[in-house]
Amino acid sequence: MTDHLNNFQGIMNQLSSMGIKFDEEVQALLLLGSLPDSWKILKMSLSNFAPDSVTSMDLAKSSVLNEEMRRKSQVSYLLLPSIHRTHLIDDDNNLTTVDRSIFNLSENRRYEWKNILNGSHVGAWCVGSSHGWIILLDQNGILLLLNPSSSTTINLPPLPLSFLHPVTYSYFAEYLRKIFIVKEILMFCSFSSSYTLAIIYGSDCKIAYCNSTTWVEISHDKQSYFHIVFSNNYLFALTQDGFIEVWDVCGQIPERLLVLHV
Numbered sequence: 000m001t002d003h004l005n006n007f008q009g010i011m012n013q014l015s016s017m018g019i020k021f022d023e024e025v026q027a028l029l030l031l032g033s034l035p036d037s038w039k040i041l042k043m044s045l046s047n048f049a050p051d052s053v054t055s056m057d058l059a060k061s062s063v064l065n066e067e068m069r070r071k072s073q074v075s076y077l078l079l080p081s082i083h084r085t086h087l088i089d090d091d092n093n094l095t096t097v098d099r100s101i102f103n104l105s106e107n108r109r110y111e112w113k114n115i116l117n118g119s120h121v122g123a124w125c126v127g128s129s130h131g132w133i134i135l136l137d138q139n140g141i142l143l144l145l146n147p148s149s150s151t152t153i154n155l156p157p158l159p160l161s162f163l164h165p166v167t168y169s170y171f172a173e174y175l176r177k178i179f180i181v182k183e184i185l186m187f188c189s190f191s192s193s194y195t196l197a198i199i200y201g202s203d204c205k206i207a208y209c210n211s212t213t214w215v216e217i218s219h220d221k222q223s224y225f226h227i228v229f230s231n232n233y234l235f236a237l238t239q240d241g242f243i244e245v246w247d248v249c250g251q252i253p254e255r256l257l258v259l260h261v
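Using numbering that gives the first Met the number 0, the first residue of the sequence shown is number 0, and each one after it goes up by one.
Hint data in this document are derived by calculation from the structure and do not stem from the laboratory.
A virtual CB, placed ideally from N, CA and C, is assigned to each residue, including glycine.
One thing to keep in mind: the hints can contain errors.
Have a look at the derived ranges for each label pair, beta carbon to beta carbon [what the hints assert, rightly or not]:
1. Ile-40 with Leu-257: 33 to 39 Å
2. Leu-257 with His-3: 27 to 33 Å
3. Val-258 with Arg-109: 19 to 25 Å
4. His-260 with Ile-40: 31 to 37 Å
In the DSS-like style, the derived pairs of lysine-lysine whose C-alpha atoms are separated by at most 30 Å in a straight line are [said to hold, decoys possible]:
5. Lys-205 with Lys-182
6. Lys-20 with Lys-42
7. Lys-182 with Lys-221
8. Lys-60 with Lys-42
Please construct the entire structure, taking both the sequences and the accompanying hints into account.
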């Protein structure tokens with residue numbers, strides 16, 4: 000779909016060079032009209048629910064990119080358990096353990112865990128997956144992103160000590176890291192063309208996201224959260240007392256824009 004957007008923009012540029020220009024809303028409608036029938040629901044949603052009934056080009060492009068990410072992320076990986084095989088010798092204690100693996104549904108391919116990590120990050124704990132990336136906590140409690148197809152890893156900044164209070168980082172890494180992250184999603188902000196990771200963490204179920212080299216907590220007051228979803232440059236957070244908060248996290252400072260009662 001990125002190629003489709005680039006080709007569409009190329010056509011618009013050619014027409015503009017010929018003196019044929021369209022305003023933002025017309026360009027957005029032309030872009031939506033060029034999408035295949037499988038994108039019908041997105042086109043209807045934008046037409047019916049666009050702010051002030053006006054679909055801008057930025058909104059159309061960001062919605063298309065977010066929808067493409069959502070489709071790619073749907074049930075893309077299965078984490079398969081370790082397999083124990085017994086040798087031919089009649090000995091119950093003579094077992095061979097085959098490391099757990101990851102099955103990519105879209106590729107119909109299984110990736111061995113040990114081959115994906117190339118021998119590094121031994122003991123890393125998988126906390127989830129999002130948009131084709133697997134989110135891990137290593138033995139030191141550091142979050143990292145792993146792409147199984149390319150074996151690419153991205154190390155994220157350490158969690159602030161304030162997130163772990165009152166325990167120390169070493170205590171967190173040894174005893175709490177397997178239960179600390181409740182929910183995680185990758186977010187794509189079209190305005191900055193950047194990705195970031197958002198998490199629900201801790202016993203109080205707060206929300207934070209990684210902004211370049213730091214972590215930012217966005218939880219409001221003493222609110223606890225049950226679920227988070229990212230769509231069209233906004234973070235939607237379901238609180239544990241039944242409200243939906245809408246956050247703008249693509250700017251320099253996160254801002255809560257709206258609170259809806261479910």
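Contradicted hints - numbers only
Hints 1, 3 and 4 contradicted; others consistent.
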